[in-house]
Amino acid sequence: MPPNAAIRLLIVDDHPLFRQGVRWALSSEEDINIVGEAASGEAALDWLEAAGSNHEPNAMLVDLNLPGINGLDLTRQVRRQ
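To convert, count from 1 in the sequence shown and add 806; that's my numbering.
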């Protein structure tokens with residue numbers, strides 16, 4: 807990632823209010839672009855597959871206690887891909 811490039815962030819949390827709060831808190835940060843949100847680990851994997859390499863995030867904010875695939879397992883799967 808170039809030194810001045812914005813961070814492309816995917817938020818993964820099952821609580822909509824939390825995702826909304828993070829989006830609001832980071833909205834004034836010029837060097838962070840929220841590229842997507844997912845409410846579960848499965849939804850995050852689907853989002854990543856659909857996004858393709860041009861829109862792929864380079865960082866994810868992940869809740870560890872997600873239903874289904876938890877945050878730790880999600881992170882492991884993403885790193886393997």
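Because the hints were derived from the structure by calculation, they are not lab data.
Check before you lean on any hint, since a few could be wrong.
[To be verified] Distance windows between CB atoms, simulated:
1) Asn860 with Arg886: 18 to 26 Å
2) Leu878 with Ile813: 19 to 27 Å
3) Asp852 with Phe824: 31 to 39 Å
4) Val828 with Gly874: 28 to 36 Å
5) Pro822 with Asn876: 26 to 34 Å
Each residue gets a CB set at the ideal place from its N, CA and C atoms; glycine is no exception.
For each hint, the structure was consulted:
Against the hinted window of 18 to 26 Å, the Cβ-Cβ separation of asparagine 860 and arginine 886 comes to about 21 Å, which satisfies the hint. Checking the proposed 19 to 27 Å range against leucine 878 and isoleucine 813 shows it holds: the Cβ atoms sit about 22 Å from each other. Hint check: aspartate 852 to phenylalanine 824, Cβ distance near 20 Å, so the stated range 31 to 39 Å is violated. The beta-carbon spacing between valine 828 and glycine 874, approximately 21 Å, falls outside the hinted interval of 28 to 36 Å.
For proline 822 and asparagine 876, the hinted distance range of 26 to 34 Å is not satisfied, since their beta carbons lie about 18 Å from each other.
Hint compliance for this structure: hints 3, 4, 5 are broken, all remaining hints hold.
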